[in-house]
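Model the full assembly from the supplied sequences, consistent with the hints where possible.
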Amino acid sequence: MTASTRLDETERVNESPNFPLRVVDGLTLPPEYRKALRPGEDWMDANSFPRQLPRYFYEIPSWDTAMKIELASHFLLWEFIQVDVREAPPLRTFPRYVPCAITLLAVCLERFREAVGTLVHISANGGYRSPSHRFSKNATPHAWGTAANIYRIGDTYLDNRNAIERFSLIARETLPGIWTRPYGAPTGYAEDHLHLDLGYVLSVPRDVKS
Amino acid sequence: MTKTESKATSANPASPRERALRHQIEKIEKESGAKAIAVALHDSETGFQLHYHADRWFHAASTIKVPILLGVFAAIDRGELLPHSRVHVRNRFLSVVEDIPFRVEAGRDSNSAVHNAIGKMMRVDELAYHMITTSSNLATNLLLGVIGPASVNETLRQLHVDDGIELKRGVEDELAFEKGINNMVTANGLLRILVMLAEGKAFSPALSRRMMDILHGQEFNQGIPARLPKAARVAHKTGEISTVAHDAGVVYLPKRKPYSLVILTEWDPSATGRLRTIAAISQTIYELLTQGPELKDE
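Line by line, the protein sequences are chains A and B.
When we follow the numbering used here, the leftmost residue of the first sequence carries the number 1, and every step to the right adds one.
When we follow the numbering used here, the leftmost residue of the second sequence carries the number 1001, and every step to the right adds one.
Mixed in with the good hints, there may be bad ones.
[Unchecked claim] Incomplete in silico selection of chain A near chain B, CB under 7 Å:
hint, residue
1, Asn125
2, Ala185
3, Asp192
[As the list claims (entries may be wrong)] To spell it out: a stretch of chain B is covered by chain A in this simulated footprint if at least three of its residues, at any positions, have a beta carbon under 8 Å from a beta carbon of chain A; those stretches are:
hint, stretch
4, 1088-1098
5, 1112-1120
FYI, nobody ran anything at the bench for these hints, they're computed from the structure.
As the structure is a computational prediction, the values presented were derived from the model and not from experiment.
Cβ coordinates follow ideal geometry from the N, Cα and C atoms, glycine included.
Below, the structure written as structure tokens:
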């Protein structure tokens, strides 16, 4: 094998031929997007610790694209980007932007799905939502694309202590390092869904130049 | 005057038609066993009006959904919402009492469509339709969660129809109910909104028509429409809890302008015949408005 052949193979690996979304640097987006996404900015969490928001995003050109792209065998991109009228207006129309770490979340959910053996449903506003979303009060991993609110698993609605705690335990046993919100009504708890997240993970794809 | 007191008669001398109507409503009220009845009527054909205990305050029950509908369309008019804007369907709300969470019981909503969408999203116009036509409490609280009670109250003020309407909270907030924090209405308050809608003066003729279309879809028809002729079309909203039964709507009859009618009633929890009483009053009003010239106003 010649040196030039090895170089060609390396380039092909980095092209990610099966993942067609373009990576964009949030700092180069138009002002209305930068205002809503706040790329690379610090954002205080509930304990007043600064957390750096994602800077790199996948650009989703259309809903049709989101409906077609598999992030994992049983999870399509659209499932992670359902937001309602509380999301900032520029982020409710296409092109949409989602942090690159969303792919890591999808892999985790795929493992979780294997463990529970049935369909896992992410709720509206329960995948990626921007720091400008009206539900985003403190730095929430939802704005990093690393959190999911699961409202239903198979035919079981996660709206009671038994269901939430049972599946929470499965998630923690299956996914090392995963965090699940405890059952309960006060702020910081959840009583009508299972919240799980990977924390404030930043993903910078290899083909990012800066 | 307290929230439950009112004047039964107007200051102006009553016309023969008004005297006849009052007499018949008093008779129905006496025979029904209701604790209180209020009626407000505005006939766009003749200009005739009746205000029978029409400033007495009642628990609004689901008639409060008419002002909320107005608040939703105000947000549409301002461009803050679109009819097809999507809303996350989630059955978790915070009481006005100490922000304690509560849920809307699925069994108390006659419509399962909204409950079946939990976790997903529904359009604003779909929720508005379910809020009115099958009185979905879940749809109501979801819409109120998006626009907020303060926004609805501000809309009522701007449209000068806030007198006689007190919106304080969403529906099925039992903690608030126990503390006496309730949505309240008077017959005159609801009548002002209905007349505005019927005349196409809420935001624009087009938006008024869309709200009237939703009210025309009402599926609970045992009150005002029950004893009217089949040709009558009624755009209306009912409201019923253990102690009140109401109906408020606009009645469209062939070859004449519509009349707007609000009937509010209060009962002992064990009382029966509530909707029958509303239907009887509605029938009486229909007959007096459409009969011959002998009872025309002076």
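Comparing the hints with the structure gives:
{"no.": "1", "hint": "Asn125", "in the structure": "holds, 5 Å"}
{"no.": "2", "hint": "Ala185", "in the structure": "holds, 5 Å"}
{"no.": "3", "hint": "Asp192", "in the structure": "holds, 5 Å"}
{"no.": "4", "hint": "1088-1098", "in the structure": "holds (count 5)"}
{"no.": "5", "hint": "1112-1120", "in the structure": "holds (count 3)"}
Against the hints set out earlier in the document, no violation occurs for any number.
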